[in-house]
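Chains B and E, in that order, give the protein sequences.
Throughout the first sequence, residue numbering follows our numbering, covering 94 to 699 in sequence.
Throughout the second sequence, residue numbering follows our numbering, covering 94 to 699 in sequence.
Source of the hints: derived by calculation from the structure; they are not laboratory data.
Do not take every clue at face value.
[Unchecked claim] Computed from the model, here is a short list of chain E residues facing chain B with C-beta under 7 Å:
{"id": "1", "residue": "Arg249"}
{"id": "2", "residue": "Ala396"}
{"id": "3", "residue": "Phe398"}
{"id": "4", "residue": "Gly426"}
{"id": "5", "residue": "Glu466"}
{"id": "6", "residue": "Asp502"}
{"id": "7", "residue": "Val504"}
{"id": "8", "residue": "Gln507"}
{"id": "9", "residue": "Gly678"}
[To be verified] Residues from chain B that face chain E, not an exhaustive set, calculated with beta carbons under 7 Å:
{"id": "10", "residue": "Leu248"}
{"id": "11", "residue": "Phe319"}
{"id": "12", "residue": "Ser388"}
Cβ atoms here follow ideal geometry from the backbone N, Cα and C, with glycine treated the same way.
Protein chains: 2
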Amino acid sequence: MRKLQITYLPSGIAVHVPVGTTLFNAAHWAGLPIDSTCGGRGTCGKCAVRVVSREAEPTPADHRHLAQERIEMGWRLSCRCEVHEDMSCEVPRPMRTPRAATMGVGRLVLLEPNVRKLLLELPEPALEDHRSHLERIRDALAVEGLEIDVGPSLLRRLAATLADGVTVTATVVGHHLVAVEAGDTRDRTFGVSFDVGTTTVVATLVDLRSGAAAAVASTINRQAPFGADVIARIGHAMTGPQAIEQLRAAVLETMNDLLDETCAAADVAPAHVYESVVVGNATMLHLLLGVDPRSIALSPFVATFLEPQDLRAADVGLEILPEGRVALFPSIGAYVGADIVADVLATGLARGEKLRLLIDVGTNGEIVCGSAERVVATAAPAGPAFEGGQILHGMRATEGAIEGVVLGDQVRLQVIGSDREPRGICGSGLIDTVAQLRLAGLLKENGILLSGEEATGHPLADRLVEDADGVRAFALTRDIVLSQLDIRELQSAKAAIATGIQVALDALGLAPEQLDEVLLAGSFGTYINPESARVVGLVPSVPVERIRAVGNTASEGAKMALVSFREREMAFGFPAFIEYVELSGVADFNERFIRNLAFPALEAVG
Amino acid sequence: MRKLQITYLPSGIAVHVPVGTTLFNAAHWAGLPIDSTCGGRGTCGKCAVRVVSREAEPTPADHRHLAQERIEMGWRLSCRCEVHEDMSCEVPRPMRTPRAATMGVGRLVLLEPNVRKLLLELPEPALEDHRSHLERIRDALAVEGLEIDVGPSLLRRLAATLADGVTVTATVVGHHLVAVEAGDTRDRTFGVSFDVGTTTVVATLVDLRSGAAAAVASTINRQAPFGADVIARIGHAMTGPQAIEQLRAAVLETMNDLLDETCAAADVAPAHVYESVVVGNATMLHLLLGVDPRSIALSPFVATFLEPQDLRAADVGLEILPEGRVALFPSIGAYVGADIVADVLATGLARGEKLRLLIDVGTNGEIVCGSAERVVATAAPAGPAFEGGQILHGMRATEGAIEGVVLGDQVRLQVIGSDREPRGICGSGLIDTVAQLRLAGLLKENGILLSGEEATGHPLADRLVEDADGVRAFALTRDIVLSQLDIRELQSAKAAIATGIQVALDALGLAPEQLDEVLLAGSFGTYINPESARVVGLVPSVPVERIRAVGNTASEGAKMALVSFREREMAFGFPAFIEYVELSGVADFNERFIRNLAFPALEAVG
């Protein structure tokens with residue numbers, strides 16, 4: 094893709110962007126905030142810059158906001174000015190210091206939420222001024238550069254509110270007028286972000302004035318009884334429309350409970366929550382809207398929708414202000430969902446110069462790789478091993494799970510919870526055990542455990558046992574063993590992800606050692622020992638200091654989009670920018686997968 | 094208001110329009126159809142004309158649809174090209190003969206409904222084409238120049254429809270995708286218009302392919318038990334939210350019954366009715382949406398909304414296709430409603446060269462006067478006399494009502510219904526009786542009936558009687574009399590309207606004799622004898638051949654907007670063009686009203 098250079102004066106900061114990017118957005122990529130109160134919608138007229146390289150065609154918005162004299166001097170609204178060749182422009186010093194917060198992975202986010210509250214002093218109706226109540230509000234908002242849509246439910250309450258006085262607070266979300274409240278209510282402006290995982294749902298109630306989280310809560314997705322992973326959920330959905338409704342109701346109940354919990358914790362009325370940003374995989378978003386997800390599970394694996402959705406809260410069933418809005422992030426593909434788009438936003442992967450690889454490990458491993466130049470994404474069917482599924486003593490990362498293992502002269506275990514009594518092995522414990530077995534020389538490159546005999550003399554030789562069926566195993570405790578079959582499961586899971594990574598790197602023409610960073614995202618990623626991940630070959634063999642656990646970046650990305658319309662617009666542009674590779678369409682996938690079953694040679698990862 | 098001249102070549106047709114009108118709309122006013130499939134939305138690219146007077150700034154739509162070479166030759170999309178000075182342009186001969194129908198008062202309407210059905214052959218999903226179902230449809234529609242919004246309820250059904258095959262019919266209403274049906278359903282494309290009167294509701298089911306009415310039905314507004322006129326209805330609404338809900342449900346039930354009736358008569362499934370256009374007075378539209386109408390009844394008489402509304406049918410409760418749209422016409426003022434805007438559309442009053450006066454007589458008399466130059470509207474509080482209210486033997490225009498009277502040597506009555514047995518007097522009968530009494534010399538200019546004595550020798554002298562209270566009356570039959578008090582009521586009613594007309598003419602600086610036409614609109618207008626209206630002074634003293642009953646132009650206007658998006662856009666522009674005069678704000682209203690109580694001198698109307 095051809096890139097154009099934009100140079101911002103007087104700083105001289107330069108940025109490379111695709112054709113058609115606006116000067117406003119490009120400045121934002123470059124970390125250079127241009128003043129704006131409308132967030133780049135072309136309505137506030139504050140983002141003008143002076144184009145100095147050559148004349149840019151003025152747009153209707155320029156004519157609306159700028160004097161002819163200024164237009165002739167080269168001034169243009171940067172949010173309307175698209176780049177079609179290399180350009181230079183002069184940016185005036187901002188009139189105000191934009192408020193910003195650090196969010197995601199060290200990203201500075203300007204506080205410009207899509208929710209805007211405006212205090213309006215409306216003129217009293219008079220015989221000579223027969224404007225309707227609505228028109229009075231519309232005119233007052235037009236002065237602020239806002240054009241609005243109004244639904245019938247708001248109209249129903251308008252007359253009563255305006256009877257109480259002529260000072261009102263209008264709340265505009267995007268181009269929707271969602272509330273008109275008597276008096277000044279600007280100090281109660283909240284939004285809520287949801288990361289709807291197949292397993293866990295996380296809600297963050299955000300004070301949109303400060304960008305700070307007012308409360309955070311998470312809980313198990315109430316769809317869990319209908320299946321552990323998306324394929325099982327889709328299987329249930331395929332039993333009929335009432336099953337889809339059941340799944341819809343379950344996730345909605347989960348979300349509404351979390352909303353209640355966060356609102357109660359922060360003492361916020363749900364009616365003061367005006368917008369919700371939702372991320373999650375494509376299946377979760379389909380089910381949230383009650384849309385049949387079956388085509389996601391059946392070849393050729395297409396979703397009914399991947400596009401962002403902008404919905405009325407009451408139509409979704411989310412119990413914030415009924416006229417409030419619910420924004421669903423877009424997905425990249427049926428298996429690279431809106432949560433991954435949020436990951437990319439929070440990490441800045443698609444806008445930085447560094448070459449980065451992001452892995453979100455779960456039953457599907459989503460893989461995103463690239464930089465501002467070019468980004469490729471794919472999803473690898475890892476299976477349930479990392480969530481403890483198909484593992485003899487596997488379990489989820491809850492109380493009693495072995496989450497870390499060190500093998501020296503003896504076995505040292507790190508167990509989740511207070512009583513430290515191990516009950517099983519979770520994903521990070523599994524990776525640790527296998528990596529430690531490799532490093533201890535007890536596990537061969539091809540994945541075969543040594544027998545006790547073969548390990549004679551090794552301090553842990555007596556831990557190598559055989560089960561009733563004669564299958565080899567390594568005993569972590571008297572009751573908890575890791576069997577040869579468990580190791581096979583892990584090999585399959587990591588081989589799928591490693592293959593996905595290879596395919597992505599190949600698409601970009603890159604070798605693993607060129608990667609500047611490997612980011613492990615998602616709650617699981619947070620607990621994986623980066624060293625172990627490298628030893629088992631889950632991540633490429635890069636120096637361990639380049640591997641970072643970045644936490645729940647999906648939640649962070651959703652929060653960023655809630656507090657910043659610019660960030661949201663950027664994220665919503667990712668699906669068009671990021672190239673999706675369907676792994677099942679890759680010709681030599683099986684051959685590569687089989688080659689990746691083996692563990693890396695120790696000298697390669699030592 | 095400054096007007097600009099646009100000349101269309103090669104015909105040389107010229108039209109005068111306000112600044113900012115598009116070449117496309119102006120051509121439409123001039124009766125010159127410019128080819129277009131998108132109806133002037135800037136998306137089809139078919140409406141290009143060549144500007145020859147001077148260079149017009151090209152718009153982004155021009156760049157999108159026209160080659161640079163053509164732009165340089167002066168070609169512009171006429172629907173995007175606004176007029177800011179006198180202009181000439183060349184219109185190519187249309188590539189196709191646009192389909193049209195004569196509607197309203199002799200108006201030729203192009204069939205370009207806002208509802209569009211498109212047959213789409215969608216590519217089958219494949220591994221290398223991971224577009225979502227929605228995107229496949231979006232892309233296919235983009236080829237036709239259509240950009241669409243999609244709601245969650247449509248998404249819910251999309252997967253199932255697309256599973257049935259890749260040939261589908263997409264229905265787009267405005268910019269909303271409202272249906273995706275398997276196979277080719279283009280021959281089932283219907284819309285329904287409603288004229289929601291305080292008394293009567295009229296529904297017209299329209300085949301949008303031909304513009305023809307498939308069925309028409311009307312019935313009494315089920316709100317009637319809650320009050321005879323808008324003030325009574327508002328009075329009921331003011332008793333609380335449950336009363337508003339009661340009124341909303343009543344009118345909605347009326348409309349849904351009519352929808353059922355027309356659909357059954359024409360054998361049309363309600364799911365094949367994709368759009369409804371609704372006109373009615375502002376109070377009726379408020380109640381239809383459940384909006385508190387109280388401010389309409391209280392000085393300074395403002396509405397909560399006057400603007401057009403574009404709503405989802407399910408949100409309104411209208412039982413066409415749930416995702417279908419309901420378009421409410423805009424109102425001009427709290428008492429000059431959307432029905433009057435539809436009257437103006439159907440009569441062409443605001444776009445013609447003739448000076449016309451339109452009167453819609455009911456409990457309020459709405460008055461619109463002017464031409465394409467300038468239009469003024471007002472509403473006069475006529476009271477219930479014309480609907481038989483406050484009249485001793487008054488009744489509505491139903492079975493048994495005396496609707497026409499001729500007084501010669503004897504009394505000849507025209508009675509509604511088959512058995513011809515008179516039961517009372519309706520509005521048109523009242524006007525006729527009074528006019529005939531004036532012409533017969535039995536009623537003085539000041540409104541006083543002669544006594545039997547004063548009329549001695551007159552063939553009808555014995556009809557002049559006195560009631561028990563000594564009040565004079567004229568006996569139409571043995572049981573049915575018109576009393577002196579009834580005549581007073583009529584005087585009040587006609588004086589209010591005559592004053593409104595005077596105020597409107599004064600605002601325009603016109604004398605009554607300059608009027609080219611006087612149009613009596615509404616069902617009541619249809620039955621008024623134009624000569625009688627002139628004799629009693631309800632309409633100005635213009636030659637009787639200039640007075641026309643134009644029928645239910647509100648219904649006609651709604652129907653026109655249903656079959657033609659251009660007409661709708663024009664109508665929706667009327668409120669900004671038409672000047673509203675609030676009669677209660679006119680300083681000398683009372684003096685004028687009192688002067689108008691008297692009847693015109695016979696020599697003035699003879």
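Here is how each hint holds up against the structure:
1. Arg249: At 5 Å from the nearest chain B Cβ, Arg249 of chain E passes the 7 Å test, so the hint holds.
2. Ala396: This interface hint holds because 4 Å falls under the 7 Å limit.
3. Phe398: holds, 4 Å
4. Gly426: holds, 5 Å
5. Glu466: This interface hint is violated because 22 Å lies over the 7 Å limit.
6. Asp502: violated, 52 Å
7. Val504: Cβ of Val504 of chain E sits 46 Å from chain B, so the hint is violated.
8. Gln507: Violated. Min distance 41 Å.
9. Gly678: For Gly678 of chain E, the interface hint holds, since the closest Cβ of chain B sits about 4 Å away, which is under 7 Å.
10. Leu248: Holds - the Cβ of Leu248 of chain B comes within 7 Å of chain E, reaching about 5 Å at its closest.
11. Phe319: violated, 18 Å
12. Ser388: Given a least distance of 6 Å, the restraint on Ser388 of chain B holds.
In summary, the numbered hints that this structure violates are 5, 6, 7, 8 and 11.
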